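Engineer: Chain residues, written in single-letter form:
There are 2 protein chains.
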Amino acid sequence: MKVNIFVTLKDSIADPQGNAIHGALKQLDYKNVEDVRIGKLIEVVLGDISKEEAEKQLQEMCKKLLTNPVIENYRYEWVD
Amino acid sequence: MKVNIFVTLKDSIADPQGNAIHGALKQLDYKNVEDVRIGKLIEVVLGDISKEEAEKQLQEMCKKLLTNPVIENYRYEWVD
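Top to bottom, those sequences are chains Y and G. Note that my numbering has the first sequence beginning at 1, numbered continuously upward. Note that my numbering has the second sequence beginning at 101, numbered continuously upward.
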């Protein structure tokens, strides 16, 4: 079972890395780029457990280790 | 127009950050995690251009600035 976890900064949190890339794209003459935000993509392969159990574990993992709930949001998507 | 760009390391490239997270998850007793790979999620908002033009610009941006084609793959997904 494979799952993609998307971790993004909350909207209220400044994103200096995104701003830097935005600036660089402007300098490269991509004038119609309006905003850039950078997040993380975490691809996790899970062994032999039920989908329910996997969902439960995933939520725990995200809260305990993979994200910082104070400044980040996450969502995930089963790949297969 | 919003687009999500997913940048991942090629399969043949070692991912020490992913390995570190895999190790940490094991120590937290998530024994059925088989693999972890870390990538980047780049959310880009584009202004008023046609979809064709946007596609062309996106591919250019990815090759020139957003990814390292030697070690990374990318794909993207239109959000709206």
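Rather than coming from a laboratory, the hints here were simulated on the basis of the structure. Since this is a predicted model, take the numbers as computed values, not measurements. Heads up, the beta-carbon is just placed ideally off N, CA and C, and yes, glycines get one too. Among these hints, one or two may not hold up.
Reference excerpt, derived from the structure (chain G facing chain Y, CB under 7 Å, subset only) [what the hints assert, rightly or not]:
no., residue
1, V103
2, F106
3, G123
4, K126
5, N132
6, V136
7, I138
8, L141
9, E143
10, V144
11, V145
12, G147
13, I149
14, E152
15, L165
16, P169
Engineer: Holds or violated: the hint that V145 (chain G) contacts chain Y, with Cβ atoms closer than 7 Å.
Structural biologist: The hint holds - V145 (chain G) has a Cβ within 7 Å of chain Y, the shortest such distance being about 4 Å.
Engineer: If you take the shortest Cβ to Cβ gap from N132 (chain G) to chain Y, is it below 7 Å?
Structural biologist: 4 Å, holds
Engineer: Given P169 (chain G) as an interface hint, is its Cβ closer than 7 Å to any Cβ of chain Y?
Structural biologist: 16 Å, violated
Engineer: Any CB of chain Y closer than 7 Å to the CB of I138 (chain G)?
Structural biologist: 6 Å, holds
Engineer: Is the interface hint for V136 (chain G) satisfied, with its Cβ closer than 7 Å to some Cβ of chain Y?
Structural biologist: 5 Å, holds
Engineer: Checking hints one by one. Is K126 (chain G) an interface residue toward chain Y, by the C-beta closer than 7 Å rule?
Structural biologist: 11 Å, violated
Engineer: With 7 Å as the cut and Cβ atoms as the points, is V144 (chain G) at the interface with chain Y?
Structural biologist: The hint holds - V144 (chain G) has a Cβ within 7 Å of chain Y, the shortest such distance being about 5 Å.
Engineer: Hint validation: F106 (chain G) versus chain Y, beta carbon distance must be below 7 Å. Holds or violated?
Structural biologist: 5 Å, holds
Engineer: Report holds or violated for the interface hint on G123 (chain G), using the least CB-CB distance to chain Y and a cut-off of 7 Å.
Structural biologist: This interface hint is violated because 11 Å lies over the 7 Å limit.
Engineer: Taking the least C-beta to C-beta distance, is E152 (chain G) closer than 7 Å to chain Y?
Structural biologist: Check failed: Cβ of E152 (chain G) comes no nearer than 14 Å to chain Y, outside 7 Å.
Engineer: Does the nearest C-beta of chain Y fall within a distance shorter than 7 Å of the C-beta of L141 (chain G)?
Structural biologist: Check passed: Cβ of L141 (chain G) comes within 4 Å of chain Y, closer than 7 Å.
Engineer: For the hint on E143 (chain G), does the least C-beta distance to chain Y fall short of 7 Å?
Structural biologist: 4 Å, holds
Hints 1, 3, 4, 14, 16, counting from the list given before, are not met by this structure.
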